[in-house]
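Those protein sequence lines, which keep their order, are chains E and Y. Under my numbering, residues 478 to 669 are what the first sequence spells out, in order. Under my numbering, residues 478 to 669 are what the second sequence spells out, in order.
If you are wondering where the hints come from, they were derived from the structure by calculation, not from laboratory data. Don't take every hint at face value.
[Unchecked claim] The following residues of chain E were derived to be distant from chain Y, with all beta-carbon distances above 12 Å:
(1) P497
(2) L508
(3) H523
(4) R545
(5) A559
(6) A562
(7) S569
(8) P585
(9) P591
(10) E609
(11) D623
(12) H627
(13) V653
(14) A668
[To be verified] Below, simulated DSS-like cross-link-like pairs (lysine-lysine); rule was C-alpha separation at most 30 Å, straight line:
(15) Y:K629 <-> Y:K483
(16) Y:K632 <-> Y:K540
(17) E:K540 <-> E:K629
(18) E:K483 <-> Y:K509
(19) Y:K509 <-> Y:K540
(20) Y:K540 <-> Y:K636
(21) Y:K540 <-> E:K483
(22) Y:K483 <-> E:K632
(23) E:K483 <-> Y:K632
(24) Y:K629 <-> Y:K540
(25) E:K540 <-> E:K636
(26) Y:K629 <-> E:K636
(27) Y:K483 <-> E:K540
Since this is a predicted model, take the numbers as computed values, not measurements. C-beta: ideal position from N, C-alpha, C; glycine also.
2 protein chains.
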Amino acid sequence: MPSLVKTEHVGRIVWLGRVPDREAALRSEALKEVQATYAGIPGEDHGGLTRPSCARVVTQYPKGTEIRNVRQLSVVSSEELAAIAEEMGVESFDPGWIGASVVVEGIPDFTHVPPSSRLQTGRGTTLTIDMENRPCHLPAPVIDEDAPGHGKAFKAAAKDRRGVTAWVEREGPLAVGDEITLHVPSQRAWAP
Amino acid sequence: MPSLVKTEHVGRIVWLGRVPDREAALRSEALKEVQATYAGIPGEDHGGLTRPSCARVVTQYPKGTEIRNVRQLSVVSSEELAAIAEEMGVESFDPGWIGASVVVEGIPDFTHVPPSSRLQTGRGTTLTIDMENRPCHLPAPVIDEDAPGHGKAFKAAAKDRRGVTAWVEREGPLAVGDEITLHVPSQRAWAP
């Protein structure tokens, strides 16, 4: 019996985006369809087969160490973004504010799907989830541009709702409207 | 707070190996030190940045689909191999029988460490664990060569003890005797 099993959780891609140059702006621009490669989304500044390590993994690597890139994509859930918006007191949450790559709807407790889960479209394009993402303060000024005064509420409101980081396991198209099925490792919990 | 956290579980590499040609033999040959690259262990037939998908992921991919290779290395635990040997009624378990790449000792419940955990040596070389491996019947004839009549007991004895599959996140040396520290995703369980 294989370890990786298909679940009954079938969602849908409702938004796609790309950050062209994170030095210039953290905001991602909306797209309708992309051809995902092993390096991620073409033209996305977080793409690449490898990346220089950042503050998030400073426990593991001195900053700037070349490592494999498991943060090619930031995948978030439309239900969780709606909950963030509500808690922040804004009408709706623009995924571009946090530089999101993919927004899915229909997968419950999305931020906490098991590490090493896969998201597979009907056309076979597949993303491997590294693990939960954690919110930071960086989107605050981006949010303030569109919703003045609300940026500072983001980090707390996004706790447990910041989605996951992911990378491309099988290349292919990703498009708004694509069905996406969750596959999860079926192993029992670690009992050290 | 980062999602990936260092644990107090520090083990040691006690064996290293490589399968030069799996068509010729499933057995891995012992090595003392290797230079792990993003493609895995040089000269290992299971290496490569990508691989043609196999029966284990046929739920996800038609056989032979090009996908990223998360099975570059087979990592097992010396304590679990000893338990397999005891259940099989053999004196000791040769990691070469199952084509193992790395044997670690000192990490409890090794087969079930969380998916997306990292194993990092003191010199910084880092492996990302995809998930639990599952035993199959293929090693039976290899075992029978050295321990006649015992091969058929392997699959059942190795249940929950077959170790994990892994790939190289940071390149560098791996050597017998290296300390290896376990880092795990710190997120709560999924609650769909």
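Verification of the supplied hints:
With a least beta-carbon separation of about 25 Å from chain Y, P497 of chain E lies farther than 12 Å from that chain, consistent with its non-interface assignment. No beta-carbon of chain Y comes within 12 Å of the beta-carbon of L508 of chain E; the shortest separation is about 23 Å. The Cβ of H523 of chain E lies farther than 12 Å from every Cβ of chain Y, with a closest approach of about 16 Å, so its non-interface assignment holds. The non-interface label for R545 of chain E is inconsistent with chain Y: the shortest C-beta to C-beta separation is roughly 5 Å, within 12 Å.
Every C-beta of chain Y lies more than 12 Å from that of A559 of chain E, the closest at about 18 Å, which supports listing it as non-interface. For A562 of chain E, the requirement that its beta carbon stay farther than 12 Å from each beta carbon of chain Y is met, with the minimum near 22 Å. No beta-carbon of chain Y is positioned within 12 Å of the beta-carbon of S569 of chain E; the least distance is around 25 Å. Its closest Cβ contact with chain Y, about 4 Å, brings P585 of chain E to no more than 12 Å, contrary to its assignment away from the interface.
Look at P591 of chain E: its CB is around 5 Å from the nearest CB on chain Y, not clear of 12 Å, so calling it non-interface is violated. Not every CB of chain Y is more than 12 Å from the CB of E609 of chain E (nearest about 4 Å), against its label as outside the interface. No Cβ of chain Y approaches the Cβ of D623 of chain E within 12 Å, the least distance being about 27 Å, so the stated non-interface status holds. The claim that H627 of chain E is not at the interface with chain Y holds, since no C-beta of that chain comes within 12 Å of its own (minimum 23 Å).
With 12 Å as the threshold on Cβ separation, the claim that V653 of chain E sits away from chain Y holds: the shortest Cβ distance comes to roughly 23 Å. Taking the minimum C-beta to C-beta distance to chain Y, about 5 Å, the non-interface status of A668 of chain E is violated against the 12 Å cut. Our distance criterion of 30 Å between C-alpha atoms is broken by K629 of chain Y and K483 of chain Y, whose separation comes to about 39 Å. A hinted pair counts as satisfied when its Cα atoms are at most 30 Å apart, and K632 of chain Y with K540 of chain Y qualifies at roughly 23 Å.
At most 30 Å may separate the alpha-carbon atoms for a hinted pair to count; K540 of chain E and K629 of chain E meet this at roughly 27 Å. Only pairs whose Cα atoms come within 30 Å are accepted, and K483 of chain E paired with K509 of chain Y is rejected, the gap being roughly 39 Å. Simply put, K509 of chain Y and K540 of chain Y have alpha-carbon atoms about 34 Å apart, too far for the 30 Å limit, and the pair is violated. Between K540 of chain Y and K636 of chain Y the CA atoms are separated by roughly 25 Å; this keeps the pair inside 30 Å, and the hint holds.
For the suggested pair K540 of chain Y and K483 of chain E, the alpha carbons sit about 16 Å apart, so the restraint of at most 30 Å is met. With a C-alpha separation of about 24 Å, the suggested pairing of K483 of chain Y with K632 of chain E holds against the 30 Å cut-off. The hinted pair formed by K483 of chain E and K632 of chain Y meets the criterion: a straight-line CA distance of about 24 Å does not exceed 30 Å. At roughly 27 Å between alpha-carbon atoms, K629 of chain Y and K540 of chain Y fall within 30 Å of each other, so this suggested pair holds.
A hinted pair counts as satisfied when its Cα atoms are at most 30 Å apart, and K540 of chain E with K636 of chain E qualifies at roughly 25 Å. The suggested pairing of K629 of chain Y with K636 of chain E is violated, with an alpha-carbon distance near 50 Å, which exceeds 30 Å. The straight-line distance between the Cα atoms of K483 of chain Y and K540 of chain E is roughly 16 Å, inside the 30 Å bound, and the hint therefore holds.
In the structure shown, a violation is registered for the earlier hints numbered 4, 8, 9, 10, 14, 15, 18, 19 and 26, in ascending order.
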